[in-house]
Structures are given as structure tokens and as C-alpha cells.
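Q: Heads up: the sequence lines are chains A, B, C and D, in that order. Mapping of the first sequence onto the working numbering: position 306 corresponds to residue 306, and the numbering continues sequentially without gaps. Mapping of the second sequence onto the working numbering: position 106 corresponds to residue 106, and the numbering continues sequentially without gaps. Mapping of the third sequence onto the working numbering: position 42 corresponds to residue 42, and the numbering continues sequentially without gaps. Mapping of the fourth sequence onto the working numbering: position 67 corresponds to residue 67, and the numbering continues sequentially without gaps.
Take these hints with a grain of salt, some might be off.
Unchecked claim - Derived CB-CB ranges, DEER-like:
(1) A252(A) to L8(B): 29 to 37 angstroms
(2) E112(C) to Q120(A): 49 to 57 angstroms
(3) A69(B) to M1(D): 47 to 55 angstroms
What the hints assert, rightly or not - Just a sample of chain C residues kept apart from chain A, beta carbon distances all over 10 angstroms, derived:
(4) I18
(5) E54
(6) G93
(7) D114
(8) Q116
Note that these hints are calculated values from the structure, not bench results. Every residue gets a Cβ at the ideal spot worked out from N, C-alpha and C, and that includes glycine.
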Amino acid sequence: MIIILFGIFLLALTVITALAIVQSESLFAAVILTGIFSLLMAANFFLLDAADVALTEAAIGAGVSTVLFLGALALTGEQERSGSKNRLLALGVVTITTLIVIYATFDKPRFGDPAAPVHQHVGPWYLEKTPELIDIPNAVTAVLASFRGYDTIGEVFVVLTAGIGVLFLLSARTTARPENMQPPKESHQGLRHYLVPRVVGRMLIPFIFLFGLYVQFHGDYGPGGGFQAGAIVAASIILYALLEGEEAALRALPMRVLQWLIAGGALLYGAIGVMGMLLGGNFLDYSVLASDPIAGQHIGIILIELGVGITVTGVLLSVFHAFAARGKV
Amino acid sequence: MTTVIDILSWVFLTGGGLFVFIGGLGALRMPNLYTRMHAASLTDTMGAVLVLVGIMLQAGLTLATIKLAAILLFLLLTSPTASNALASAAILSGLQPQEGTVRPGGASE
Amino acid sequence: MTILGLVYYWVFAILLMIGFYAVIAKPNLIKKLIGLSIFQAAVFLLFITMGKVEGGTAPIFQDGVSLYSNPLPQVLILTAIVVGISTTALGLGIVVRIKEEYGSIEEDEIQERDLQ
Amino acid sequence: MYYAVTIATLITMGLALVRALLGPSIYDRLLAANMFGTKTVLFLSVVAFLYGRPDFLDLALVYALINFIGVIAVLEFIRERVDNNGAKKNTGEQNS
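So here's chain A without its partners, still in its complex pose (with noise of 0.2 angstroms):
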């Protein structure tokens, strides 16, 4: 009961956010309530019981987003010009669908309802099956991975397709440079003249690092998985590449090797898919891997987790080192 308290509280906080983030004429500032907004959000997931979403929202929303809004705010200004012409007319419409929605509200299952018919179909039967068939204890890993590996082979896909995307509209004029090609200037600084934040900084990346691969393989047992262990580990190197400047970021991961990262992880989560067909089962069958079906699972489960991770990680620091090194030309 008082937990549904704290969650409305967390609620009116995020709402107030989202106001002030619409309201706010510099964008610089929209951004950091994004960031805040985030962090609500992520606790409003938690208290929803949804562990390995939160943890998500906390991977990407706490470096990455932040990071990726504000180099492309550094390529087009930061302030928003006042004033929207059809403001009454947006306002209108605008509270009439609110009030639409909130109306439909009233026909939806009460909160929480066992009976609701979200919880009828599938979703008993995943929490059933799942020690049986798969035997790991993170349901939601279980489902992500194996019940419906089509959907998370869909979404790899997805994250692959929008990095290339950016990676072609960013790389338009600047095909003719090599990448590593900076103006001289300022280029490769990075924060060195900033002590405190260099050495602390420099200190907690190999534990960013390090943390990314234990939510990587330890997906199965808590939450975790691959695109939190991805955005985790992309953020270690954003981080490095904030301290050292860019170069040596891409010095330690060069732009090549990127790109193989990021078609290297849907490649793996493929032929996982394609070698189940060729061992007898079918696409994306993981328990013809192994001679034990359950075994099979569970080697299939880490195989694709890792393949997504990887692909995770290229995509994000891919679009991060395109946005950085379009404001270096």
C-alpha cells in the first residue's frame, strides 16, 4: 500500500519533470531534466517490479543519452528560438485526446489484477515453462532470449540499421578524410587539464568495464543481458573518450573495428539461428546445440546475449565518435 504511495509520489515528480523539460526554452537545460527524468523513470520501473528494465534505463539513460544529446546540441545550438505559432490550437487538441485517454482508463483491469487478461495467455505459461525447458532463474532473460528470440533478432536488427543510418548521414561529407583526421588544435585534448576528474575517472572505467561483462554473463541469474551490458560497456568508453579526447578513444577502438563490432553482433545472433537449423532444429532452436536440450539452451541464451551486447556496444559508440567527430571538421 505505501509503496503504490511512493510510486504516485515518484510519478507527480516525473510529470512535473516532463512539463519543465517541454517548458524550458534552453535546450542545454531540457537535457539535464532529461537526464532527471530518466532516473525516475528508472525508479517508477523498479517499484513496478520490472528489475531488468530499470536496469536498462539506468545503463542508457544515465551516460549515454545525456552524452549523445549534448554532441548534438554542440552541432546545432543550444538555445530554442521562443513562441509557437498554433499554440492554442496544439493546447486544445492536446487536452481533448488527454482527456480521451484518461476516460478509456476507466474500462482498463484494476492495477495490479492477477485476473487482468495480460496475465491470461502467454505470460503464466513463460513463468511455468521456464524451469523446465530452460532452467535459469531470470524469467525475463528466458523469454528474451529463447520464447521469443524472432522479436529480439528484430530489434538487433533495428539497432543495427539506425547505427548505419547515422554512421551515413554523419560520415556525407566527410568520406573524402580518413577518420582520424582532426584539426590539430584542441583536437586530442580532452579533459587533461581537469586532475581530479581525469584520475578518478581513469580509476573507475576497467570497474565500468568490468561490471558490463558481469551483467553480460550474469544475465541469466539476475538482471542483466545484453543491451544493458552493451550500453554499460559503451559508456566505460565514452567515458574514456571524454577524459583522453577522442583520439585515443579511437586509438584503443578504432572506427574499423567498430564496425565490425556492430555487424559482427547481429552475425553471431544469426548463424546461432542458422546452426540450430543445420543441426536439426529449428531457426533459432537452441536445444539441438547440445546434447542435453537444456544445456543447449543455456549455451544458445549466452551465445545470442553476447552476440546482442556486441552489437549494442558498436552501434552506441559508433554514433557517439560520428557525432564528436562531426563537430571536429
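Using the hints, position chains B, C and D against chain A.
A: Below, chains B, C and D without anything else, positioned relative to chain A:
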């Protein structure tokens, strides 16, 4: 023995909650950025230490305690760093004042 | 209890519409993208809210717990968050290119340039 | 008893949010956001115990590790802006 640990942990938790709240109040009420930073860092250090140690006492010797210790360690490393970076950024841009702060009490150095 | 439960859905509706307002009323393209991500977050919230079972806990099996929340919405949203940031990055890439070609990211100025 | 700490954390989150909304300067907002981050770490840790699932501390650990990347990014952003002659809207025309 468990009662002693319980009482101790409640004391820590209450103290932590109090410090967190006071720091939050300070961050809201202090007159300018640098003093606000001072108040905010109180919640990040004293408040966080007390709360996390309080939970650790409750958890006993488990994996959770190790994780809590790691959280504490990283918080103690990162939050002063963030404050430092923030102050650097503020001073750096203070050279060229940006965003005219009209309201009194918002004057950054 | 009933009303308290409905608050989650109302907040979903309100957040959805705040994001929608930013998309339709703000001329700035980056603001539109931020609005879109609020819109997205509202949908995430709806899904996760529906997956919650009263008295349940997160669907990660533990001894001595028998009631778990529904894992399916969580799976859908987990992937959607990562897809969301990727597509947002794509949108930002397009905005950056628009800025380079048109010199502005305000919708009406871009339209003016187009009409010339 | 966890409830008391949770409530204190939540109220402090609210206070930090008010500070983030009031501003006045961008650094105040950033300070508030950072404070919000540490409060979230505490909140998540306490709620993990409140729920009796201490294995979910991973979440708090993520925030403890990577929440300051945002602040570092802003420092870098501002440093770059100052380097480029500190003009307020400097970034538009460098690609001509």
C-alpha cells in the same frame, strides 16, 4: 546481539535519512551555486555513508553487503569528482558569463 | 485502492500528451525529439504498469516466492528502450544534417527556406 | 524503518527537483541532477531491501558507477565552447 545490531542500524538509517533531508533542504535554500554545492555534497557523503552502512548492518555477511560496500566506495569516489567537474565547469564559463542570471542569489562567481 | 491504481494510467495519459504537445507545438526539431522520447517513456510506463501483479515480485526466480509479475511486457520494453535510443540517435543525426544544410533547426525557418 | 529512509530520500528528490526547476544557472540544474542521481542510488538500495530482493542492488551499482559521466560530458561540452572563443551560439557555422 541482534537487538544491538538492529538498534545500531536503525540509528544509522535514521541519521542518514536526516542528513539526506538536511542536505536537500540546503541545496534548495542556500543563496548561490557554490554554497548549494556544499550542501548537496553533504547528502552524497554523510547521508549516503550512514544509510548504506545502516543497510549493511541489516544485511549481515552476505553478497549484498559486498555490493553495498562497492556502491559506497564508488559513490564516495564519483560524487566528489562530479562536484569538482561541476565547479570547474562553472568557473570555466564564469570567465565568459553566460545566461544572464537576473534573479538575486543566483550569482555564480 | 481502485483510484490509486488508476493514477498510473492517468500519468501515462498525461505524459503521453506532454510529449505529443512538444512534438506538435514546438518548432525546434531537437525539442520535438525530446518530446518524442517522453512519449516513448509514457508507453513504456503503460506496458510495465500492466505487467505488474499485486503482491508479486520481479520475475527472477527465488526460493520461497511463488507470485511473479508478468515477464512479457518487461521483455518488450527492455528491447524497446535500446531501440529507442538508437532511433533517437538517428533522429539527432538527421537534425544535425538539416542544421548543416539549412542553417536552422526551427521548423518554420526550414519551411521558408524550402519555399524560396 | 526502511520506510522512513525511503520517505526522506523521496522528499530530498523532490527538493532537488525544485532546485533543478528553479535554476537559475545551468550549473544549479546540473548540481540538482547529480544530487538526484545519488538519491536514486540510495532509494534503489533501500527499496531492494524493502522488497526483500537484495540481489537487485546491481541497479544502484550501475548508477553509482556511471551517473557522473553526464557531469563530465557537460564539463567537456563547456570546455569546448569556451575554447571556441566562448561565443554563446558558436557552433553553427564551422562547417562552411
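Q: Decide, hint by hint, whether the structure agrees.
A: We went through each hint and held it up to the structure:
Remark: the range hint 29 to 37 angstroms for A252(A) to L8(B) is contradicted by a beta-carbon distance near 46 angstroms. At about 54 angstroms, the CB distance of E112(C) to Q120(A) agrees with the hint of 49 to 57 angstroms. One distance hint, 47 to 55 angstroms for the beta-carbon pair A69(B) and M1(D), is violated here, with the actual separation near 21 angstroms. Not every CB of chain A is more than 10 angstroms from the CB of I18(C) (nearest about 5 angstroms), against its label as outside the interface.
A beta-carbon of chain A comes within 10 angstroms of the beta-carbon of E54(C); the shortest separation is about 3 angstroms. Against chain A, the non-interface label of G93(C) is violated: not every CB pair exceeds 10 angstroms, the least being about 4 angstroms. The beta carbon of D114(C) sits about 17 angstroms from the closest Cβ of chain A, which is more than 10 angstroms, so the claim that it is off the interface holds. With 10 angstroms as the threshold on Cβ separation, the claim that Q116(C) sits away from chain A holds: the shortest Cβ distance comes to roughly 19 angstroms.
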